[in-house]
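Peer 1: What follows is the residue order along each chain.
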Amino acid sequence: METKNVMIVGVGGQGSLLASKLLGRLLLDQGLDVKVSEVHGMSQRGGSVVTYVRYGDKVYSPVIDKGEADYIVSFELLEAARWMEYLKPGGQIVTNVQQIDPMPVITGAMEYPTELVEKMKASGVKVDAIDCLELARQAGSAKAVNIVLMGRLSHYFDMPEESWYKAMEAIVPAKFLEMNKKAFELGKDAQ
Amino acid sequence: MKELMLGNKAFARGLYEAGCCFVSSYPGTPSTEVTEEAAKYDEIYCEWAPNEKVAMEAAFGASLAGKRAFCGMKHVGLNVAADPLYTMSYTGVNGGVVICVADDPGMHSSQNEQDSRHHAIASKVPMLEPSDSAEALEYAKLAFKLSEDFDTPVIMKMCTRVAHSQSVVETSDRVVPADKPYEKNIPKYVMMPGNAIRRHPFVEERTEKLREWSETSGINRVEMGGTDIGIITSSTSYQYVKEVFGDKVSVLKLGMVNPLPVKQIKDFAAKVGKLYVVEELDPIIEDHVRTLGLEVSGKDKLSLLGEFSQNMVREAFGEEAKKGVKLDEQIPMRPPVMCAGCPHRGLFYTLSKNKCNVMGDIGCYTLGAVAPLSAIDMTLCMGASISAIHGFNKAGGGENASKTVAVIGDSTFMHSGMTGLANVAYNQSDSTIIILDNSITGMTGHQQNPTTGYNIKGDPAGKIDLEALCRAMGFNRVRVVDPYDLKACDQAVKEELAAKEPSVIISRRPCALLKYVKHKAPLSVNTDKCVGCKSCMKIGCPAISIKNGKAAIDNTLCVGCGVCSQLCPVGAFEEGEA
Numbered sequence: 013m014e015t016k017n018v019m020i021v022g023v024g025g026q027g028s029l030l031a032s033k034l035l036g037r038l039l040l041d042q043g044l045d046v047k048v049s050e051v052h053g054m055s056q057r058g059g060s061v062v063t064y065v066r067y068g069d070k071v072y073s074p075v076i077d078k079g080e081a082d083y084i085v086s087f088e089l090l091e092a093a094r095w096m097e098y099l100k101p102g103g104q105i106v107t108n109v110q111q112i113d114p115m116p117v118i119t120g121a122m123e124y125p126t127e128l129v130e131k132m133k134a135s136g137v138k139v140d141a142i143d144c145l146e147l148a149r150q151a152g153s154a155k156a157v158n159i160v161l162m163g164r165l166s167h168y169f170d171m172p173e174e175s176w177y178k179a180m181e182a183i184v185p186a187k188f189l190e191m192n193k194k195a196f197e198l199g200k201d202a203q
Numbered sequence: 010m011k012e013l014m015l016g017n018k019a020f021a022r023g024l025y026e027a028g029c030c031f032v033s034s035y036p037g038t039p040s041t042e043v044t045e046e047a048a049k050y051d052e053i054y055c056e057w058a059p060n061e062k063v064a065m066e067a068a069f070g071a072s073l074a075g076k077r078a079f080c081g082m083k084h085v086g087l088n089v090a091a092d093p094l095y096t097m098s099y100t101g102v103n104g105g106v107v108i109c110v111a112d113d114p115g116m117h118s119s120q121n122e123q124d125s126r127h128h129a130i131a132s133k134v135p136m137l138e139p140s141d142s143a144e145a146l147e148y149a150k151l152a153f154k155l156s157e158d159f160d161t162p163v164i165m166k167m168c169t170r171v172a173h174s175q176s177v178v179e180t181s182d183r184v185v186p187a188d189k190p191y192e193k194n195i196p197k198y199v200m201m202p203g204n205a206i207r208r209h210p211f212v213e214e215r216t217e218k219l220r221e222w223s224e225t226s227g228i229n230r231v232e233m234g235g236t237d238i239g240i241i242t243s244s245t246s247y248q249y250v251k252e253v254f255g256d257k258v259s260v261l262k263l264g265m266v267n268p269l270p271v272k273q274i275k276d277f278a279a280k281v282g283k284l285y286v287v288e289e290l291d292p293i294i295e296d297h298v299r300t301l302g303l304e305v306s307g308k309d310k311l312s313l314l315g316e317f318s319q320n321m322v323r324e325a326f327g328e329e330a331k332k333g334v335k336l337d338e339q340i341p342m343r344p345p346v347m348c349a350g351c352p353h354r355g356l357f358y359t360l361s362k363n364k365c366n367v368m369g370d371i372g373c374y375t376l377g378a379v380a381p382l383s384a385i386d387m388t389l390c391m392g393a394s395i396s397a398i399h400g401f402n403k404a405g406g407g408e409n410a411s412k413t414v415a416v417i418g419d420s421t422f423m424h425s426g427m428t429g430l431a432n433v434a435y436n437q438s439d440s441t442i443i444i445l446d447n448s449i450t451g452m453t454g455h456q457q458n459p460t461t462g463y464n465i466k467g468d469p470a471g472k473i474d475l476e477a478l479c480r481a482m483g484f485n486r487v488r489v490v491d492p493y494d495l496k497a498c499d500q501a502v503k504e505e506l507a508a509k510e511p512s513v514i515i516s517r518r519p520c521a522l523l524k525y526v527k528h529k530a531p532l533s534v535n536t537d538k539c540v541g542c543k544s545c546m547k548i549g550c551p552a553i554s555i556k557n558g559k560a561a562i563d564n565t566l567c568v569g570c571g572v573c574s575q576l577c578p579v580g581a582f583e584e585g586e587a
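As given, the protein sequences belong to chains A and B, one line each in that order. Using my numbering, you'd call the opening residue of the first sequence number 13 and step up by one each time. Using my numbering, you'd call the opening residue of the second sequence number 10 and step up by one each time.
Hints were generated in silico from the structure; no laboratory data involved. Among the hints, erroneous ones may be present.
[What the hints assert, rightly or not] The list that follows gives simulated cross-link-like pairs (lysine-lysine, BS3-like), each with its CA atoms no further than 25 Å apart:
hint, chain 1, residue 1, chain 2, residue 2
1, A, K155, B, K335
2, B, K331, A, K100
3, A, K131, A, K155
4, B, K335, A, K100
5, B, K257, B, K412
6, B, K529, B, K49
7, B, K11, B, K193
8, B, K332, A, K70
9, A, K33, B, K49
10, A, K33, B, K524
11, B, K335, A, K78
12, B, K257, A, K16
13, A, K155, B, K527
14, A, K16, B, K332
15, A, K70, B, K527
16, B, K331, A, K78
17, B, K335, A, K131
18, A, K133, B, K11
19, B, K11, A, K70
20, B, K412, A, K100
21, A, K33, A, K133
These figures come from a predicted structure and were not determined experimentally.
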């Protein structure tokens, strides 16, 4: 199969690590070649962070370039807009609607752009925006935003639910498994 | 078993499988996880050394004792360790020595983007360069064998995209080679002129033997495809080339970047139409190819700056880059910021308020240079804050000394601040040095250091007493302040700047992200009291913003440090959530 690309974007400290771990495990279980790339260090301190997940028969580059992403999974609305250019024509954005003010907005130098979902859609991009924080709280923990997002992404993946759960069982501690499964379901079935 | 593994973790796995027994390193992004992962194997002794030079010398000692030894560092760390490296090239080894150096093209977390291959060439030490996790594991094992077979330290060069990418590896069991008992050998190990002069010819011969080995061993491999274009490449550049061209071009993929092959390159060049080199940063392979009298293209098409990507390769070769749709909207930048509750914030606010010149250093606190604090004037390299303030004050006189401070973190102070401090104490400048003691090495992700009292495994260890150390060096004025207490900070800075002798302020409070740190409940803003004066906005806290003309606190970020409430003229910040 041709190499597919998923970008996971968000704000440093939001917990994208578990999402990329789950995705990596899921894809490896399907017998695919997988590469997952992220950046540690200075940029993690509340900055804009991005993780690249690539899979297929043979994956070479560890990074995803502009116009190449099949999916952009975003933990934060502004970050979805920032990285939108990386989406390939016909690609899908799955984003949390949560807004976290960056420093130029906090200091009042700039405004947080309004109606971003509508503007992204108006530019011809497919956007699926859901309130992951609310769904994560419903599942039992605000920290499960990452799993809610993965549940939503599964909606677009041609992969049986059991393989997601199998991957989840391999990386999530047993005591949090039920909560995470619920978060996954809520994300998957969100309206 | 097939596993998805981080490049640095795969490197550590290679150390384990090769029977490595001793690891001494200094943390530095993107190299840190090699040592952290190695420390998870009980069979390997691992430690954080105070700096890279000490780490490399410790690894040399372990090699003398007959064990396979490793030390890891980032590119700029190799500058610090260059001294032992260049002469260890002459002595060679007993047990194998492998050195990891991790470059950071694109400067994700570094102060320059130097190309470490220059060090391998200059020190005449072989350098391997993996292009993914599987090669990181395989080459780590091979590096030990090369080290012992050719009597040389071996450098393995990582870069951010190999170090911090996960790809598929297959692991195998650990095999520990027999110890090589220590034998006294003065001509080999005592590098005084009469001995070193006899070792130099050995080094030159060794390079030629390694070159011969590289030509035939398979470490460099030819992947023939279309023959109109031939590309010589290595590391992640190889991945970008294959991503773009697949089998449409022929590729000579180099796994050893020092010494570079001769015959292999000439043979490859003869089989292809036009010859190219694709390499990040400096034209090292390209220059070598040119010295062989071959016509080659490379840096005329590709940048000397930053990281490459598949689109950059596409454009360089006249192919169309992939494009997406850019949103027609001003998107505010999201630069890294000091965390909410960061103990450095209060101190930097004090320096900013007192309009100090601030000689900075390397660590999280470099973010003190960012608006609105804008409190740092200079950042050069590890330890430079203290050395530079001395020069600044000596050359500039009392006017400089009365408003200039140096700031340096606890780990950076241990790394290379102590020698600068010795210079201040010895040559007596009226310098004010502030040690930002947050009880951890923060920027690289919380590594222990000689001031924390714990070792790499988190077990109790020796603990250096900073106050006693500074006093022993001859400082009469050594004081400790809590950076959450703005009044105390202000008083300490004013008094020490006024003092006509060298002084040290230790600004002490643990990093707010440390698990053992107990935080207070988030503060809240009493909007009836808040007058919207924005005094609290001067500290650049990510948890505070202005909503509808009044201060607002993000209770998911606030840790109740209370620095903001000390700035509020009307007492609008209240303890506990609203």
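Peer 1: So, for every hint listed, does it hold in this structure?
Peer 2: Going through the hints against the structure:
1. A:K155 to B:K335: violated, 31 Å
2. B:K331 to A:K100: holds, 8 Å
3. A:K131 to A:K155: Violated, at roughly 28 Å.
4. B:K335 to A:K100: Roughly 11 Å between the alpha carbons, so the hint for K335 (chain B) and K100 (chain A) holds.
5. B:K257 to B:K412: Distance of about 63 Å is beyond 25 Å: violated.
6. B:K529 to B:K49: Outside the cut-off at roughly 33 Å; violated.
7. B:K11 to B:K193: Outside the cut-off at roughly 44 Å; violated.
8. B:K332 to A:K70: holds, 23 Å
9. A:K33 to B:K49: Given that 25 Å is the threshold and the Cα spacing comes to 20 Å, the pair holds.
10. A:K33 to B:K524: At roughly 23 Å apart (the allowed maximum being 25 Å), K524 (chain B) and K33 (chain A) satisfy the hint.
11. B:K335 to A:K78: Roughly 10 Å between the alpha carbons, so the hint for K335 (chain B) and K78 (chain A) holds.
12. B:K257 to A:K16: OK: K257 (chain B) and K16 (chain A) at ~21 Å, within 25 Å.
13. A:K155 to B:K527: Holds, at about 20 Å.
14. A:K16 to B:K332: holds, 16 Å
15. A:K70 to B:K527: Violated. K70 (chain A) to K527 (chain B) sits at ~47 Å, over the 25 Å cutoff.
16. B:K331 to A:K78: holds, 6 Å
17. B:K335 to A:K131: holds, 11 Å
18. A:K133 to B:K11: violated, 41 Å
19. B:K11 to A:K70: holds, 15 Å
20. B:K412 to A:K100: violated, 54 Å
21. A:K33 to A:K133: Not satisfied, since the Cα-Cα distance of roughly 29 Å exceeds 25 Å.
In summary, the numbered hints that this structure violates are 1, 3, 5, 6, 7, 15, 18, 20 and 21.
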